[in-house]
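Student: Sequence:
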Amino acid sequence: MNILRIAFFGLALLWSKALLGVPLPPIGPVDVEGRIEKAVWVPEERLKGRPGLSGSLGRDRTIPAHFLITLADYQGVEPPTARALTRCLTNRPVGGSDPKEKPPFLLLKIHHEDRRLLKAGMRVRIKGYTIRGDEGGTWTSYQVLEILRP
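Heads up: the sequence shown begins at 8 in my numbering, then just goes up one per residue.
Any given hint could turn out to be false.
Below are the EDC-like pairs computed for lysine to aspartate or glutamate, each with C-alpha atoms no more than 16 Å apart in a straight line [to be verified]:
(1) K55 - E142
(2) K134 - E52
(3) K107 - E85
(4) K134 - E153
It is worth saying that the hints were derived from the structure and are not from the lab.
Since the structure is predicted, the reported quantities are computational estimates derived from the model, not experimental observations.
Given these sequences and hints, build the entire structure.
Tutor: Written out as C-alpha coordinates, the structure is:
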(Lines of atoms letter the chains of each structure in order from A; the text may use other names.)
(Lines give C-alpha, C1' and ligand atoms only; values in the text may rest on other atoms or scores of the structure.)
Protein backbone atom coordinates (compact mmCIF):
# COMPACT_ATOMS: atom_id res chain seq x y z
CA MET A 8 0.00 0.00 0.00
CA ASN A 9 2.87 2.42 0.81
CA ILE A 10 4.43 1.77 -2.60
CA LEU A 11 1.13 2.65 -4.25
CA ARG A 12 0.95 5.93 -2.28
CA ILE A 13 4.52 6.81 -3.20
CA ALA A 14 3.85 6.04 -6.88
CA PHE A 15 0.67 8.13 -6.81
CA PHE A 16 2.51 11.04 -5.15
CA GLY A 17 5.31 10.81 -7.72
CA LEU A 18 2.85 10.88 -10.63
CA ALA A 19 0.97 13.80 -9.09
CA LEU A 20 4.24 15.72 -8.68
CA LEU A 21 5.25 15.07 -12.30
CA TRP A 22 1.79 16.11 -13.53
CA SER A 23 1.86 19.34 -11.51
CA LYS A 24 5.29 20.26 -12.90
CA ALA A 25 3.94 19.75 -16.42
CA LEU A 26 1.22 22.32 -15.70
CA LEU A 27 3.61 25.03 -14.54
CA GLY A 28 4.20 27.80 -17.02
CA VAL A 29 7.48 27.81 -18.83
CA PRO A 30 8.78 30.90 -20.63
CA LEU A 31 9.23 30.62 -24.37
CA PRO A 32 12.93 30.80 -25.24
CA PRO A 33 13.52 34.05 -27.17
CA ILE A 34 13.82 33.76 -30.94
CA GLY A 35 15.88 36.41 -32.66
CA PRO A 36 16.78 39.11 -33.19
CA VAL A 37 16.49 38.53 -36.93
CA ASP A 38 16.35 40.82 -39.94
CA VAL A 39 13.73 39.79 -42.49
CA GLU A 40 12.45 41.22 -45.76
CA GLY A 41 9.44 40.13 -47.79
CA ARG A 42 6.20 40.93 -49.57
CA ILE A 43 3.08 41.24 -47.42
CA GLU A 44 0.61 38.66 -48.66
CA LYS A 45 -1.93 39.42 -45.94
CA ALA A 46 -2.14 42.09 -43.22
CA VAL A 47 -4.69 41.86 -40.41
CA TRP A 48 -4.85 44.69 -37.87
CA VAL A 49 -5.91 43.74 -34.33
CA PRO A 50 -6.97 46.51 -31.90
CA GLU A 51 -5.68 46.76 -28.33
CA GLU A 52 -7.16 44.13 -26.03
CA ARG A 53 -7.30 43.94 -22.23
CA LEU A 54 -7.20 40.46 -20.73
CA LYS A 55 -8.06 39.53 -17.16
CA GLY A 56 -5.56 37.40 -15.31
CA ARG A 57 -6.45 33.97 -14.00
CA PRO A 58 -5.75 33.93 -10.26
CA GLY A 59 -3.42 31.18 -9.14
CA LEU A 60 -1.78 30.68 -12.52
CA SER A 61 1.85 31.48 -13.15
CA GLY A 62 3.50 33.90 -15.55
CA SER A 63 1.61 36.58 -17.38
CA LEU A 64 -1.52 34.40 -17.47
CA GLY A 65 -1.93 35.01 -13.73
CA ARG A 66 -2.27 38.79 -13.98
CA ASP A 67 -4.21 41.41 -15.92
CA ARG A 68 -2.45 42.46 -19.11
CA THR A 69 -2.94 44.59 -22.21
CA ILE A 70 -2.14 43.30 -25.67
CA PRO A 71 -1.15 46.37 -27.74
CA ALA A 72 -2.69 47.04 -31.15
CA HIS A 73 -0.80 45.09 -33.78
CA PHE A 74 -0.73 43.61 -37.25
CA LEU A 75 -0.45 39.92 -38.03
CA ILE A 76 1.33 39.93 -41.36
CA THR A 77 1.90 36.98 -43.63
CA LEU A 78 5.10 37.45 -45.62
CA ALA A 79 5.73 35.66 -48.91
CA ASP A 80 8.91 35.80 -50.98
CA TYR A 81 10.80 36.49 -47.76
CA GLN A 82 14.51 36.33 -47.03
CA GLY A 83 16.81 36.75 -44.06
CA VAL A 84 15.84 33.77 -41.88
CA GLU A 85 16.77 30.11 -42.11
CA PRO A 86 13.93 27.56 -42.49
CA PRO A 87 14.04 26.30 -38.85
CA THR A 88 13.86 29.89 -37.55
CA ALA A 89 11.02 30.74 -39.96
CA ARG A 90 9.07 27.72 -38.68
CA ALA A 91 9.72 28.60 -35.04
CA LEU A 92 8.66 32.24 -35.48
CA THR A 93 5.44 31.25 -37.25
CA ARG A 94 4.56 28.43 -34.83
CA CYS A 95 4.63 30.89 -31.94
CA LEU A 96 1.71 32.76 -33.53
CA THR A 97 -0.44 30.10 -35.22
CA ASN A 98 -1.52 26.49 -35.16
CA ARG A 99 -1.57 26.35 -38.97
CA PRO A 100 0.78 23.85 -40.61
CA VAL A 101 4.07 25.51 -41.52
CA GLY A 102 5.49 24.03 -44.71
CA GLY A 103 6.29 20.42 -45.52
CA SER A 104 7.84 17.71 -43.39
CA ASP A 105 11.43 18.50 -44.43
CA PRO A 106 12.87 20.85 -41.78
CA LYS A 107 15.44 22.15 -44.30
CA GLU A 108 12.71 23.23 -46.72
CA LYS A 109 11.80 26.92 -46.62
CA PRO A 110 8.17 27.39 -45.46
CA PRO A 111 5.96 29.13 -48.07
CA PHE A 112 5.08 31.95 -45.67
CA LEU A 113 6.30 33.67 -42.52
CA LEU A 114 3.86 35.04 -39.94
CA LEU A 115 4.96 38.07 -37.88
CA LYS A 116 3.27 40.17 -35.19
CA ILE A 117 4.07 43.85 -35.68
CA HIS A 118 2.90 46.28 -32.99
CA HIS A 119 1.56 49.51 -34.43
CA GLU A 120 -1.36 51.83 -33.64
CA ASP A 121 -2.07 52.94 -37.24
CA ARG A 122 -4.35 50.38 -38.87
CA ARG A 123 -3.62 51.91 -42.30
CA LEU A 124 0.16 51.47 -42.13
CA LEU A 125 0.55 48.01 -43.68
CA LYS A 126 -1.30 46.53 -46.66
CA ALA A 127 -1.10 43.45 -48.86
CA GLY A 128 1.36 43.89 -51.72
CA MET A 129 3.83 46.10 -49.81
CA ARG A 130 7.45 45.03 -49.55
CA VAL A 131 8.88 45.53 -46.05
CA ARG A 132 12.11 45.06 -44.13
CA ILE A 133 11.97 44.42 -40.38
CA LYS A 134 15.24 44.70 -38.46
CA GLY A 135 15.85 43.27 -35.01
CA TYR A 136 12.62 41.22 -34.81
CA THR A 137 12.38 39.17 -31.62
CA ILE A 138 9.65 37.01 -30.14
CA ARG A 139 9.28 35.92 -26.50
CA GLY A 140 6.41 34.67 -24.40
CA ASP A 141 4.91 32.31 -21.88
CA GLU A 142 1.58 30.58 -21.23
CA GLY A 143 -0.14 34.00 -21.22
CA GLY A 144 0.87 34.95 -24.74
CA THR A 145 3.67 36.08 -27.00
CA TRP A 146 5.51 39.40 -27.08
CA THR A 147 7.26 40.69 -30.13
CA SER A 148 9.53 43.62 -30.72
CA TYR A 149 11.53 45.07 -33.58
CA GLN A 150 14.03 47.89 -33.97
CA VAL A 151 13.17 49.19 -37.44
CA LEU A 152 10.24 48.73 -39.84
CA GLU A 153 10.96 49.94 -43.38
CA ILE A 154 8.37 50.08 -46.16
CA LEU A 155 10.45 49.43 -49.27
CA ARG A 156 7.62 49.45 -51.80
CA PRO A 157 4.09 50.65 -50.99
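Student: Can you confirm whether the C-alpha distance between K134 and E52 stays at or below 16 Å?
Tutor: 26 Å, violated
Student: Please work out if K134 and E153 have their alpha carbons no farther apart than 16 Å.
Tutor: 8 Å, holds
Student: Holds or violated: are the alpha carbons of K55 and E142 at most 16 Å from each other?
Tutor: 14 Å, holds
Student: Are K107 and E85 close enough, with their CA atoms no more than 16 Å apart?
Tutor: 8 Å, holds
In this structure, the one hint that does not hold is number 2.
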